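Full structure from sequences and hints, please.
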Amino acid sequence: MRKSMKEKHIVEISSRELDKTVIFDVSGDIDLANSPTVRKALLREVREKRTPRVVINLSQVRYIDSSGVASLVEGLRASRDVGSRFILFGLSTSAREVLQLSRLLKIFEVYDNEEQALAG
Amino acid sequence: MEPNEDLKRGLLLKLQLTSNPSLLCAVRGAVERLTESLGFSAPESRAVTRAVDEALTNIIRHTYCGRADQPIEVLFHSVREDDPQSAGGLEIVLCDRGPAIDPEHMCLPALEEIRPGGLGLHFIRQSMDIVEYNRANGTNRLRLVKFVHLPQPDGNA
Numbered sequence: 001m002r003k004s005m006k007e008k009h010i011v012e013i014s015s016r017e018l019d020k021t022v023i024f025d026v027s028g029d030i031d032l033a034n035s036p037t038v039r040k041a042l043l044r045e046v047r048e049k050r051t052p053r054v055v056i057n058l059s060q061v062r063y064i065d066s067s068g069v070a071s072l073v074e075g076l077r078a079s080r081d082v083g084s085r086f087i088l089f090g091l092s093t094s095a096r097e098v099l100q101l102s103r104l105l106k107i108f109e110v111y112d113n114e115e116q117a118l119a120g
Numbered sequence: 121m122e123p124n125e126d127l128k129r130g131l132l133l134k135l136q137l138t139s140n141p142s143l144l145c146a147v148r149g150a151v152e153r154l155t156e157s158l159g160f161s162a163p164e165s166r167a168v169t170r171a172v173d174e175a176l177t178n179i180i181r182h183t184y185c186g187r188a189d190q191p192i193e194v195l196f197h198s199v200r201e202d203d204p205q206s207a208g209g210l211e212i213v214l215c216d217r218g219p220a221i222d223p224e225h226m227c228l229p230a231l232e233e234i235r236p237g238g239l240g241l242h243f244i245r246q247s248m249d250i251v252e253y254n255r256a257n258g259t260n261r262l263r264l265v266k267f268v269h270l271p272q273p274d275g276n277a
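If you read the protein sequences in the order shown, they are chains A and B. Going by my numbering, the first residue of the first sequence is number 1, and it counts up by one from there. Going by my numbering, the first residue of the second sequence is number 121, and it counts up by one from there.
Just to be clear, a hint being listed does not mean it is correct.
Said to hold, decoys possible - Chain B regions said to be covered by chain A (calculated; three or more residues, Cβ under 8 Å):
1) 142–151
2) 173–185
3) 242–248
For the record, the hints were derived by calculation from the structure and aren't laboratory data. Because the structure is a prediction, the values reported are computed rather than measured. Glycine included, C-beta positions come from ideal geometry on N, C-alpha and C.
Structure, rendered in structure tokens:
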């Protein structure tokens with residue numbers, strides 16, 4: 001099942017369910033205008049639905065700002081609170097740069113592609 | 121500032137916008153194109169774009185407390201540097217009419233103390249060569265400078 005939520009500020013989030021996993025496909029820019037949308041979707045999946053494994057596909061994300069990074073960190077913290085896994089894959093150069101600059105890259109479970117993320 | 125004075129200082133671009141987050145993507149696009157045209161490498165271009173975006177985000181969130189109709193001005197000037205290894209650079213001045221910024225908030229805390237919400241200033245300082253703040257006549261001015269770094273003879277940037 002695929003659900004889609006498109007923001008007017010050039011971000012699109014869709015989700016796919018696979019066994020006990022939900023994969024979020026995010027595309028566009030995650031900035032101050034739309035990071036609340038991303039944050040809300042992630043926290044709902046982790047906190048309310050208690051999905052055992054939440055995977056974020058960032059391969060189509062061109063840009064992430066500090067509020068986007070904060071949203072990912074919140075998702076990670078929530079997953080630790082409920083004992084689920086929170087996985088990122090397909091980081092663009094820009095996304096990898098901001099996570100490295102913040103020295104937060106090492107706290108996330110990161111894979112190059114979806115196959116590796118699901119196998120990890 | 122008189123227009124002629126701007127030209128003497130190498131004015132490249134002047135943006136006047138409201139504090140609406142939906143405009144951030146347009147500014148990023150303009151900065152990307154401008155830095156590319158000035159000869160910045162791709163990583164340098166991303167760094168400048170990130171710094172401007174984070175500075176605007178800070179103004180919108182913290183200075184204007186999320187109000188979307190407040191004025192912001194961004195001036196882009198070309199600058200020269202005495203260093204012969206530099207091909208010059210770009211000066212960006214962001215002006216807002218919000219309340220004065222507490223200088224304590226301009227100090228970078230230890231990395232371990234950085235909370236996700238406080239990452240913006242960290243990104244700005246990591247991305248730019250010069251970061252200066254001052255306030256005059258009711259206007260906050262954040263000055264950012266990035267120099268174009270020419271490749272070294274051994275191929276290292």
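To see whether the hints hold, each was checked on the structure:
1. 142–151: With 4 residues close enough to chain A, the hint holds.
2. 173–185: Check passed, 5 qualifying residues.
3. 242–248: That given contact holds, which follows from 4 residues of the segment 242–248 of chain B lying within Cβ reach (below 8 Å) of chain A.
When each numbered hint is compared with the structure, no violation occurs for any of them.
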